[in-house]
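**Student:** Each chain, letter by letter, is given below.
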Amino acid sequence: MLEQQLVNALTLGSVYALFSLGFTLVFGVLEVINLSHGAMFMAGSFAAMTVVTRFKAPLAVGILAAMLVSGLLGLAIDALILKRLRARHAPHLIPMIATIGATTVLTSAAQGLFGVEVQRFPDELLSTREFIFGSVHVRALELAIVGIAFLLMTALFLVLRHTRQGRALRAIAESPKAAALLGINVEGLFLATSFTAAALGGVAGLLIGLNFNSVTPLMGQPILHKGIAVVILGGMGDIRGALFGGLFLGFAEVLSKAYLSSQMGDAVAFGLLFLILLVRPAGLFGRVLERKA
Amino acid sequence: MSMLSIRGIGKHFGGLQVLQDVNIEVPGGAIFALIGPNGAGKTTVFNLVTGLLKPSSGSISFLGQDLAGVAAHRITRLGIARTFQNIRLFPDMTLLQNVMVGRHHLTNYGGFAALFATPSFREAERRSRERALELLSWVKLDHKAESTADNLSYGEQRKLEFARALATEPKLLLLDEPVAGMNSSEKAVLMEEIRNIRDRGYGVFLIEHDMRFVMNLCDRVAVLNFGRIIAEGAPDEIRSSPEVIEAYLGRGDEAEVLP
Amino acid sequence: MEAFADFWATYSTLIFTVGIHALLALSLWLTLSCGLLSLANAAFMGIGAYTAALLTLHLHWPFPMVLAAGGLAPAAVALLIGAPTLRLSGVYLAMATLAFGEVTRILVLNLEITGGPEGLNGIPLLTTWWHIVLILAAAGYALARLRRSRMGRAFEAIREDEVAARMMGIDVEGHKLAAFTLGAVLAGLAGALNAHSTFFISPREYGFENAVDILTMTILGGISSLIGPVLGATILTLLPELLRFLHAYRLAVNGLILIGVVLFLPTGLWDSRRLRQFVGDWRNRREGKP
Chain P
0 MLEQQLVNAL TLGSVYALFS LGFTLVFGVL EVINLSHGAM FMAGSFAAMT
50 VVTRFKAPLA VGILAAMLVS GLLGLAIDAL ILKRLRARHA PHLIPMIATI
100 GATTVLTSAA QGLFGVEVQR FPDELLSTRE FIFGSVHVRA LELAIVGIAF
150 LLMTALFLVL RHTRQGRALR AIAESPKAAA LLGINVEGLF LATSFTAAAL
200 GGVAGLLIGL NFNSVTPLMG QPILHKGIAV VILGGMGDIR GALFGGLFLG
250 FAEVLSKAYL SSQMGDAVAF GLLFLILLVR PAGLFGRVLE RKA
Chain L
0 MSMLSIRGIG KHFGGLQVLQ DVNIEVPGGA IFALIGPNGA GKTTVFNLVT
50 GLLKPSSGSI SFLGQDLAGV AAHRITRLGI ARTFQNIRLF PDMTLLQNVM
100 VGRHHLTNYG GFAALFATPS FREAERRSRE RALELLSWVK LDHKAESTAD
150 NLSYGEQRKL EFARALATEP KLLLLDEPVA GMNSSEKAVL MEEIRNIRDR
200 GYGVFLIEHD MRFVMNLCDR VAVLNFGRII AEGAPDEIRS SPEVIEAYLG
250 RGDEAEVLP
Chain F
0 MEAFADFWAT YSTLIFTVGI HALLALSLWL TLSCGLLSLA NAAFMGIGAY
50 TAALLTLHLH WPFPMVLAAG GLAPAAVALL IGAPTLRLSG VYLAMATLAF
100 GEVTRILVLN LEITGGPEGL NGIPLLTTWW HIVLILAAAG YALARLRRSR
150 MGRAFEAIRE DEVAARMMGI DVEGHKLAAF TLGAVLAGLA GALNAHSTFF
200 ISPREYGFEN AVDILTMTIL GGISSLIGPV LGATILTLLP ELLRFLHAYR
250 LAVNGLILIG VVLFLPTGLW DSRRLRQFVG DWRNRREGKP
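Protein chains in written order, with numbering that gives the first Met the number 0: chain P, 0 to 292; chain L, 0 to 258; chain F, 0 to 289.
Derived by calculation from the structure, the hints in this document are not laboratory data.
On a predicted model such as this, the values are computed, not experimentally measured, just so you know.
A virtual CB, placed ideally from N, CA and C, is assigned to each residue, including glycine.
Hints should not be assumed to be uniformly reliable.
[Claimed, not checked] Footprint (simulated), chain F over chain L, 3 or more residues, beta carbon under 8 Å:
1. 75 to 87
2. 92 to 106
[Claimed, not checked] Residues from chain P shown here face chain F by an in silico Cβ test under 7 Å; the list is partial:
3. Leu92
4. Ile99
5. Gly100
6. Ala266
7. Leu276
[Unchecked claim] From the derived model, a few chain L residues whose C-beta atoms are all more than 12 Å from chain F:
8. His11
9. Glu176
10. Lys186
11. Ala187
12. Ala233
The whole structure should be built from the sequences, with the hints applied where relevant.
**Tutor:** Below is the structure:
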C-alpha cells in the first residue's frame, strides 16, 4: 500500500540523490559531464563486494573500500584524461566522449574479471531485521541505506558551505580564472572533486547493490541515465537540485511502477528528462552551460 | 526616407537596462557611424537589428518593412549584412569557401540539382565561385583563396569578413569595428573601399572607436552613452558637442579624445 | 572458386556487418558535419529494423518497399522530435537524444507487437551483398555531392560558427533538421538491411552501447571526409574478430580507442588536411625543397 511504497521510494530516491550529487558536483566545478560516473557506481559496488566476500570484512570496511576504489578511479580518469583536455581547452563534448570511452574500458574490465552473472552479497551481511510501524515494514537495510546516504550528503553540504575548501570550490564553480588569481589551487581542487564525486558514486553503488542484492558489471548504465535525468531535472551543477531531483525521481519511479505499470516505471525517468530538456533545459535550479570567465 | 529606422528601442537583460529609447535613422547611400564609450550598448544595437536579439520595446524597420519577429537569416536575405567585433570566420574552411557561404541564399538550386550535378547547379556554383574570387580580389586576398581561414593575420581576417559580408549582396552593411587592429595604410584602403560601396548606393552603418577614421569617413554620427543616444548629427557638430565631450573625457578615456 | 565459396561462407556475415556499420557511421557523420552530436542513431536503426521486419513478417511486402519503409519510418520520428530537440545544443542535445534512444528501447522492449525482450525471429534473409553495396554507394555518392553543394557548405558553416552562419542567410534550424532527418534515413536503412541478414533482432542491439560504437567508428575515422567514417567502421568491425583472444576484454579496446583518439588524434585517422600537408611535405622533400 501507499506507505510501503513511500518507504521504497525514499530508499531509492536517497541513493539516486547521492549518486547524482557526485555527478552534478563534477559538472558544477569541472564543467564536464562525466559519463563514467556510472562506472564509478559499479566499481564501488564490486570493490565492496570483493572485500566483503573474499576477505570476510564487515560492511563498514566495504563502504570504505567502495569509496577508496571508486575515488581512485575517478581521480585517475581526471588526472590522465580530463586534465589533458582541460589544458587544451577542448569544447565540452570532447571530455564527455572521453569519459564514455573510460566507461567502456571499466565495464569491460569488470566483465572480464568478474563475469557477467549477477553477484550477491553474503547472507550474513543482510540482516533480515525489520522495524514495524503500523502497517509499514521497514527493513534495517533500508534504514541503513537512507541513513548513510543522508549522512554523506549532509557531510558534503557542510564541507561546501563551511570549510575553506568548500568555499574555494564554489569560487571555482563561478570562475576558475578568478579563483586561480585569488591563489586557489584550482588543479588540486579539481582532482579532489573528481575523487570525492567518484567516491560518493561508489558508495551509492554499494547501497543499491545491497538494496536489490545484485551486483553486475552493467549496473552502472541504467543508473547513469537516471542520474542524467535527475541532474537535468534539478539543474546541472546545483547540489540542491540533485537532492530534490533524486528524491523526486525515486518517488516518481516507485509510484509509477506500483500504480501504472512496472515497465513504464523505467520510461518515466527518460520521459521526464526529455520533456524537461525541451521545456527548460536549465532545470529547476540550475544554470545553462555558460561560464562568465 | 531612411533605409533603417530604429524607433524607441529598449533592451533589458533581467534587471539590467542596456538600451533605452534609442532612435536612429540610417539613410541609404551614406556612411553612418555609431560611437560611444565601451559598454554603451553599440553591439547590442547591431544584434537587435540583425535579429539575434529581440527588443524589449520599440520597433525596427528596414526599407519600410517591420523586422519584428523576422528570423535572423531572413533579415540577412532582406539585405542587411554584418561583420563582428570579435571576427567570426569559419576557421576550417578556405577563404574562397568562406566567401561562397555568403552567397548561400543567392545560389538557388535544390537537393535534386545538387545530387545530379545538373547544368543549373554547375552554372550557379560557377557564378558563386567567380563572384567570391572577385570579392576576394577587391580586398586583395585572392592569392590566398585556397588557404584556410585560420592562417590569416588579424587585418586579413577583417578583410575576409568584409568580403564575406559583401557576398550576401546586402543593401545595408553593418560593420562592427571594421578597422580595429589594422595599420594606417590598411585603414586608408578600407576607408576608400567603404566610400566606393557608399557611392554604389549601399548603406553603411558602422561602429568604431578610431575617431579619425570616423570623422574623416562618415556622413552622420550618433553617440550612444549608457544605452541612450546623447547626440546625433554631422561629424563637426558631434566633435564640438559638450555632452559628447563629457561622455568621453568625463570618464577619463584619454585614448578616445576627439581629434 | 572453392576457396572463395569457403571464404564467403565463413566471412560473409562479417563483410555484411562492415557495410552496415559503414552506413551507420555515415549517418552519424551527417549529423556531426552539422555540429550535432546525436546519440539517437542507434534508436533510429532500431526503428528501421523493426518496421522493416514487421512489414516482411506480417504483410509480406516486397523487399525494396520494405527497405524504403525502413528508411522512412525513423525519418518521420526524426521530423517529429527534431524541431524541439534541435533547439538544444552541444551536451544537452547529446543527452536529449540519449534519452530519446532509451525511451525508444524501453517502448520496444515492452510492446507486444515487437516481441518484447525476445525480439523478432525468423526474419527471412533477404539482404544480399549487392543490396548493401548499392545502398552504401548511393549514400556515399549522395553525401559527396552534398558536400560540394551549398547545403554542404551551410552544414560546415553551422558547425564552425552557428551565429555567423545565420548572418549569412542560412536557415540554421532547417538545415539541422535536414541533417538529423537524413541521418535517420541512413540509420533506418542500415537497420532494415541488418534485420534481413541476421534472421533475428532484439532491443538489445539498438541501445546506448550501440550508439557509442557508432560514435567511436566515426570519430576514429575522422569527420573531415567521407572516407573517415567508412575506414573507422571497417577497422572497428574487424578488430574484435582479430582480438577474440582477449574475450571479454576486447570491448575495452573500443573504449581505449575512443580515449586515444580524443587525446592524441582528435581529427581522426583520415584527416584530409593533415594528409594534404603530409603529401605536400613529402613532395617538397623529394624535390629538395626545405
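**Student:** If a hint holds in the structure, say so; if it doesn't, say that too.
**Tutor:** So, going through the hints one by one against the coordinates:
1. Counting residues of the segment 75 to 87 of chain L whose CB lies closer than 8 Å to any CB of chain F gives 6, so the stated coverage by that chain holds, three being the minimum.
2. Closer than 8 Å: that is the beta-carbon criterion, and the segment 92 to 106 of chain L has 9 residues meeting it against chain F, so the requirement of 3 holds.
3. Among the interface hints, the one on P:Leu92 holds; its C-beta lies about 5 Å from the nearest C-beta in chain F, closer than the 7 Å criterion.
4. Given hint, P:Ile99 at the interface with chain F, holds; its Cβ is 6 Å from that chain's nearest Cβ, closer than 7 Å.
5. Restraint check, P:Gly100 versus chain F: the minimum CB separation of about 3 Å is within 7 Å; hint holds.
6. Restraint check, P:Ala266 versus chain F: the minimum CB separation of about 5 Å is within 7 Å; hint holds.
7. Taking 7 Å as the C-beta contact cut-off toward chain F, the hint placing P:Leu276 at the interface holds, the least distance being around 4 Å.
8. Even its closest Cβ contact with chain F, about 21 Å, leaves L:His11 beyond 12 Å, as expected for a residue assigned away from the interface.
9. No Cβ of chain F comes within 12 Å of the Cβ of L:Glu176; the nearest lies about 16 Å off, and the non-interface call holds.
10. Non-interface status of L:Lys186 relative to chain F is upheld: no Cβ of that chain comes within 12 Å, the nearest being about 24 Å off.
11. No beta-carbon of chain F is positioned within 12 Å of the beta-carbon of L:Ala187; the least distance is around 27 Å.
12. Distance check on L:Ala233: its Cβ is at least 30 Å (rounded) from any Cβ of chain F, clearing the 12 Å threshold; non-interface status holds.
Hint check: no violations occur; every hint is consistent with the structure.
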